[in-house]
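*Asks:* The lines below spell out each chain.
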Amino acid sequence: MNRSTPRESVSQFLILEDSVEHEYPEALVRGMIDITDGVFRGLFGDIAMSCESPSVVRDRIIFGEVFSLIPLESAWCRGYMMMQAEQVPFMQLLEHTGRCEGQAGFRELNGMLGELTNLVWGAFKNRYMGDPSVVDRAQVQVPLLINHKQKYISFGTDNPQLCFVYRLTDPVNGQIVTLHQHFVFSLNWSPEAFREAAQATTEPVETGALELF
Amino acid sequence: MSKILVVDDSSTVRDEVAGFLRKNGLDVDTAVDGKDGLAKMKASPSVKLVISDVNMPNMDGLTMVEKIRSELANKTVNVVMLTTESSPAMKERGKAAGVKGWIVKPFKGDAVLETFRKLAS
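Line by line, the protein sequences are chains A and B. Residue numbering for the first sequence follows this note's numbering, starting at 1 and increasing by one per position. Residue numbering for the second sequence follows this note's numbering, starting at 1 and increasing by one per position.
Here chain A stands alone, though its shape is the one from the complex (with noise of 0.2 Å):
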C-alpha cells in the first residue's frame, strides 16, 4: 500500500502530501480518530490500542477479509467511509473482550463491524453532517465496482482515501488486531465549507445515559 504521511499543518488544515499534496480539516482529522477511539473503547472498554498518524492512499486495494462500507452525506462532502479487518483476529478480540458468548462465528463478527461502523458513523454524522435539510437530495450517484478476487474496491474516481489504522491488543493472547479506516470524499470534497456542529462545540454528547422528555 502506497502511504503518505502528514507534512505539517497549516493554519486550521492538515495537509497529507502524496503526489499532489490533500488538504483536510485538522479537526476534522483529529475528530475522525477522536471519535472512532472512544467507539473501541466503548465496545472493547480499556483495551490496549494505537492508531497510526492519518494518511491518503491512492490505492484501490482492500485490506483483509471483511469491511463495511456507509455513505457520508452533508452539504460539504460526500462520500463513503469503510472499516477493514481480518477475520480470526477480530473474532478471537470478540470472545476475549465479552463481546460475544461462546465462541465468535463470523455472523458475530459482522454484527459487531456493522455496529461499529454504526456508532462511528452516527457520531461523525452527528458532528459534522450539519442540518440535513440543506443537502440536495436531487443526488449524483456512481457505482461502486467491487471485485472480490482482486480485493479491489472502485469509487469511479481518482480521489485519494483519508487513511487510520488502529491497532488493538488482544487482551488475552496479546495479538495485535489491526482495522483499517478509510475515507473516500468521491462524490463531493469541499473543505472550505467544513464546520463542526453547534452542539458538538459546546456540550459534548453524554452516551448511554436516559434523557427523559
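You may find that some hints are simply not true.
[To be verified] Below are the SDA-like pairs computed for lysine to any residue, each with C-alpha atoms no more than 25 Å apart in a straight line: (1) B:K3 / B:G98; (2) B:K91 / A:E211; (3) B:K42 / B:R22; (4) B:K23 / A:E95; (5) B:K95 / B:T115; (6) B:K3 / B:R14; (7) B:K35 / A:N110; (8) B:K91 / A:I70.
[Unchecked claim] Restraint ranges, calculated between C-beta atoms of paired labels, are given here: (9) B:K75 / A:P191: 45 to 53 Å; (10) A:G42 / B:R117: 21 to 29 Å; (11) B:A43 / A:S53: 48 to 56 Å; (12) B:E92 / A:R167: 36 to 44 Å; (13) A:Q87 / B:M59: 25 to 33 Å.
[Said to hold, decoys possible] Here are a few chain A residues that sit away from chain B, every Cβ distance over 12 Å (derived from the structure): (14) Y80; (15) Q87; (16) F155; (17) N159; (18) S190; (19) P191.
Calculated from the structure, these hints are not laboratory results. Model, not experiment: these values are computed from the prediction. Ideal placement from N, C-alpha and C gives every residue a C-beta, glycine not left out.
Please arrange chain B on chain A, whose structure you already have, making use of the hints.
*Replies:* Chain B alone, transformed into the frame defined by chain A:
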C-alpha cells in the same frame, strides 16, 4: 406475553439489550426494523415499553412510532429511542410522536434498568 419490545436492525444490539433485560427478569421480544416492530405491536397490544433504534431499513424508528400512535391508535405504550442520533431536530420529532426518552448509544444497561422496569410495569 412480552412486555418490552426491542427494535434494532443490528443483531448485536438486539442480543445485548434483550439479553441484559431478560437476565434481569423482564419479558422481551425483538424486531429487526420498524416494519417488523409495527407488525409485532399490532400482534401484541400488551407491550408496555418499546426500545427502538432510529436508523433502520424498511421503516425507521420514528416513522414506526408515528404509525404506532396513528394507525394502531396506541397512545399508551412508552417508547424510548436507543440511537446514534443526538440532533435536537430528531429529538423534537420524537417528542412530537410521543417518545418518552432518548438514549445515545452505546447501551449501558445498569444506568437505565430501573427506569425501564418502571416504564414496562
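*Asks:* K35 of chain B and N110 of chain A were given as a pair; does the straight-line alpha-carbon distance stay at or below 25 Å?
*Replies:* It holds: about 22 Å lies between the C-alpha atoms, which stays within 25 Å.
*Asks:* Is K23 of chain B within 25 Å of E95 of chain A, Cα to Cα?
*Replies:* Measuring from Cα to Cα gives roughly 20 Å; hence the hint holds.
*Asks:* Mind checking the hinted window 21 to 29 Å against the Cβ distance between G42 of chain A and R117 of chain B?
*Replies:* holds (24 Å)
*Asks:* Say whether it holds or is violated: Q87 of chain A keeps its Cβ farther than 12 Å from all Cβ of chain B.
*Replies:* Non-interface label stands for Q87 of chain A: nearest chain B Cβ at 16 Å, farther than 12 Å.
*Asks:* Verify the proposed pairing of K42 of chain B with R22 of chain B, using a straight-line Cα cut of 25 Å.
*Replies:* holds (22 Å)
*Asks:* For P191 of chain A, is the shortest CB-to-CB distance to chain B above 12 Å, so the non-interface label stands?
*Replies:* It holds; P191 of chain A is separated from chain B by about 22 Å at its closest Cβ, greater than 12 Å.
*Asks:* Does the alpha-carbon distance linking K3 of chain B and G98 of chain B stay inside the 25 Å limit?
*Replies:* holds (18 Å)
*Asks:* Holds or violated: K91 of chain B with E211 of chain A, Cα cutoff 25 Å?
*Replies:* holds (10 Å)
*Asks:* Confirm or reject the claim that A43 of chain B and S53 of chain A have a C-beta distance inside 48 to 56 Å.
*Replies:* About 54 Å separates the Cβ atoms of A43 of chain B and S53 of chain A, which means 48 to 56 Å holds.
*Asks:* With 12 Å as the threshold, tell me whether S190 of chain A passes as away from chain B on beta-carbon distances.
*Replies:* holds (21 Å)
*Asks:* For Y80 of chain A, which was marked as not at the interface, is the minimum beta-carbon distance to chain B over 12 Å?
*Replies:* The claim stands: Y80 of chain A keeps its Cβ more than 12 Å from every Cβ of chain B (closest is about 16 Å).
*Asks:* Within 25 Å, alpha carbon to alpha carbon, are K95 of chain B and T115 of chain B?
*Replies:* Roughly 18 Å between the alpha carbons, so the hint for K95 of chain B and T115 of chain B holds.
When the structure is compared with the earlier hints, no violation turns up for any of them.
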